[in-house]
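Student: Single-letter residue listing:
There are 2 protein chains.
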Amino acid sequence: MKIINNIFEMQEFSRQYQCQNPHKKIGLVPTMGYLHEGHLSLMRTIQSSCDCLVVSIFVNPIQFNNRDDLEKYPRDIEHDIALLSGLDVDILFMPGEIDVYPKGVPEIFMDYPKLTNKLCGITRPGHFSGMLVIVHNLFQWVKPDYAIFGLKDYQQFILIKKMIADLAMPVKILSGEIIRDPDGLALSSRNVRLAPEERINALVISSTLFKIKREFKSGKNQAGYLKKILHESLHKFKLDYASVYDTDTLVEFGDNDIIKSGVAAVAVFIGEIRLIDNLIL
Amino acid sequence: MKIINNIFEMQEFSRQYQCQNPHKKIGLVPTMGYLHEGHLSLMRTIQSSCDCLVVSIFVNPIQFNNRDDLEKYPRDIEHDIALLSGLDVDILFMPGEIDVYPKGVPEIFMDYPKLTNKLCGITRPGHFSGMLVIVHNLFQWVKPDYAIFGLKDYQQFILIKKMIADLAMPVKILSGEIIRDPDGLALSSRNVRLAPEERINALVISSTLFKIKREFKSGKNQAGYLKKILHESLHKFKLDYASVYDTDTLVEFGDNDIIKSGVAAVAVFIGEIRLIDNLIL
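If you're matching them up, the sequences are chains A and B in order.
Position 14 of the first sequence, counted from 1, bears residue number 14 in my numbering, the numbering being contiguous throughout.
Position 49 of the second sequence, counted from 1, bears residue number 49 in my numbering, the numbering being contiguous throughout.
Bear in mind the hints are in silico, worked out from the structure with no lab data behind them.
The reader is advised that the hints may include incorrect statements.
Unchecked claim - With a straight-line Cα cutoff of 27 angstroms, these simulated DSS-like cross-link-like pairs (lysine-lysine) come out: (1) B:172 <-> A:103; (2) A:161 <-> B:24; (3) A:172 <-> B:103; (4) A:114 <-> B:103; (5) A:143 <-> B:25; (6) A:114 <-> B:118; (7) A:114 <-> B:162; (8) B:161 <-> A:103; (9) B:228 <-> A:24; (10) B:118 <-> B:103; (11) B:114 <-> A:114; (12) B:118 <-> A:103; (13) B:143 <-> A:25; (14) A:162 <-> B:227; (15) A:24 <-> B:161; (16) A:161 <-> B:161; (17) A:162 <-> B:103; (18) B:143 <-> A:143; (19) A:143 <-> B:161; (20) A:103 <-> B:143; (21) B:162 <-> A:162; (22) B:24 <-> A:24; (23) B:24 <-> A:143; (24) B:25 <-> A:25; (25) B:260 <-> A:103; (26) A:118 <-> B:114; (27) B:162 <-> A:143; (28) B:172 <-> A:143; (29) B:260 <-> B:211; (30) B:103 <-> A:161; (31) B:103 <-> A:143; (32) A:172 <-> B:143; (33) B:103 <-> A:260; (34) A:25 <-> B:24; (35) A:162 <-> B:260; (36) A:161 <-> B:143; (37) A:162 <-> B:161.
To be verified - Quick list of the computed label-pair ranges, beta carbon to beta carbon: (38) A:12 <-> B:235: 33 to 39 angstroms; (39) B:123 <-> A:201: 49 to 55 angstroms; (40) B:49 <-> A:51: 31 to 37 angstroms.
Every value quoted in this text rests on a predicted model; they were computed, and no experiment measured them.
Using N, Cα and C, we set each Cβ at its ideal position, and we do this for glycine too.
Using the sequences provided together with the hints, build the complete structure.
Tutor: Rendered as structure tokens:
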């Protein structure tokens, strides 16, 4: 595994690779580090589609709307490198913040007004614009044929797919299933910040989603019924959102809607840690 | 001159050209057709920086906030091709609307809130987002090393330069001076829509800008004084805006500001035709 820190070097690597190997494919797994099995699963999934695997690690400051969350975001590059050594990763791309944003926070605002006025978009103003900018720019530098994103950030996944189409970016976007601990908790780099008791409390998130899915599968597909389960199960916690949404438009189902397919999505504060999870119905 | 209509063919041409000629440069002149000497001047300027000259013609529907303006936008492809034949143009890229926007109007909104809340941004909502999207996508397809834009659309020029930096696009942006008819009228494809009398009336725009520049050069550099000249000269017309702005931030100077450098910019309706012009001080 070769480590590239310099953006120009990354661009040159990809340019030369693609000129010399017109039929070979570059795959990119963008991450913010503090890797866990969820990330490794993405890497294994994309490997079947590509010949050269690039993993990027960059904690993107402009997608944190909360300074405290940015500062407390866990980092452990040495552990990340050790984990990556177990996989067949070709390039670890770790650009520095000063090189990514040489002029400071970019002024551009990239938005999908109809998709970001809901779910995480409400409590995290600017988050998705900052996320789209860094994903866009990583694609400019790495020039991947494939890139993969986990479905835990479901709204992010939808936005990236839209951006790729609207901005004519020649990247195929793959998705990775949510990876969970054996007890159901969706893996997240932020989980490390949960106290033992908080971690136990957090299990209500996945258990509620599993319950919703069981009910849905058993034919109880009225949105109001499923939303009621969500709210009753999670009422003890500071809830950001919890509902059932259209999988493409992210429009929330009305109580009387009969759901054929959808995504149950939740954002909850467990202590001071905001956790998200979802399950596709 | 080779004509390419197919986007995939354009991408492949550029990809192969760049792999086969790593030290040669592609230059792009994006246009909406109905070419005039202003466009040809851009082509001649960029030719000294590039080895392969691509001219694109695409009347971009999503940057027209006014349906009538889009429908009446002049088109004459045969005349354009005849004009281009006199220059050393390698590729004329003319993608079709259905290929550029296969899913209809893209939902993405690209904005610089501090730069688009003024000048043309006020009366043309959505214009700059649509413009940035098509420029971005033309850059994705043509992959130019250089691109050139005329300074008549000064706000557009500033926005494109910002986008290139913020979205890590490997394109150098050149500017082309405003080209004028001998009587001073800035060339514009829309000028053809002016009735003879309107064309004479329109001369007040450039003559006022020239007057401002003379006054400025003679040391009369108080913003209020220059703005007063603008408004007095243009008071007979339906004015969109007319003032003096910072060349980088586009912030309008206050009446008491002493101007060291700036841009005097004007948008005026002559009959139903909206004309813009500017002069850098």
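Student: Is the hinted pair residue 103 (chain B) and residue 143 (chain A) satisfied, with a Cα-Cα distance of at most 27 angstroms?
Tutor: Roughly 24 angstroms between the alpha carbons, so the hint for residue 103 (chain B) and residue 143 (chain A) holds.
Student: Checking one constraint from the list: CA of residue 162 (chain B) to CA of residue 143 (chain A), max 27 angstroms. Satisfied?
Tutor: Holds, because 21 angstroms separates the two Cα atoms, which is no more than 27 angstroms.
Student: Straight-line Cα separation of residue 162 (chain A) and residue 227 (chain B) no greater than 27 angstroms?
Tutor: violated (44 angstroms)
Student: Within 27 angstroms, alpha carbon to alpha carbon, are residue 161 (chain A) and residue 161 (chain B)?
Tutor: holds (26 angstroms)
Student: Given the hinted pair residue 143 (chain B) and residue 25 (chain A), is their Cα-Cα distance within 27 angstroms?
Tutor: holds (19 angstroms)
Student: Assess, step by step, whether the Cα of residue 161 (chain A) is no farther than 27 angstroms from the Cα of residue 24 (chain B), and give holds or violated.
Tutor: This hinted pair is violated, its Cα atoms lying about 33 angstroms apart.
Student: With a cut-off of 27 angstroms on the C-alpha distance, tell me whether residue 118 (chain B) and residue 103 (chain A) pass.
Tutor: Status holds; Cα separation ~23 angstroms.
Student: Would the pair residue 24 (chain A) and residue 161 (chain B) pass a check requiring their Cα atoms to be no farther apart than 27 angstroms?
Tutor: Cα-Cα ~33 angstroms, so violated.
Student: Does residue 103 (chain B) pair with residue 260 (chain A) here, judged by a C-alpha cut-off of 27 angstroms?
Tutor: Holds: residue 103 (chain B) and residue 260 (chain A) sit about 24 angstroms apart, inside 27 angstroms.
Student: With a cut-off of 27 angstroms on the C-alpha distance, tell me whether residue 114 (chain A) and residue 103 (chain B) pass.
Tutor: Between residue 114 (chain A) and residue 103 (chain B) the Cα gap is close to 16 angstroms, so the pair holds against 27 angstroms.
Student: Take the C-alpha atoms of residue 162 (chain A) and residue 103 (chain B), compute the straight-line distance between them, and say whether it is at most 27 angstroms.
Tutor: holds (11 angstroms)
Student: Against the 27 angstroms threshold, does the CA-CA distance of residue 162 (chain B) and residue 162 (chain A) hold or violate the hint?
Tutor: Holds - the C-alpha atoms of residue 162 (chain A) and residue 162 (chain B) are around 22 angstroms apart, at most 27 angstroms.
Violation of the numbered hints given earlier is confined to hints 2, 9, 10, 14, 15, 35 and 38; the remaining hints are satisfied by the structure.
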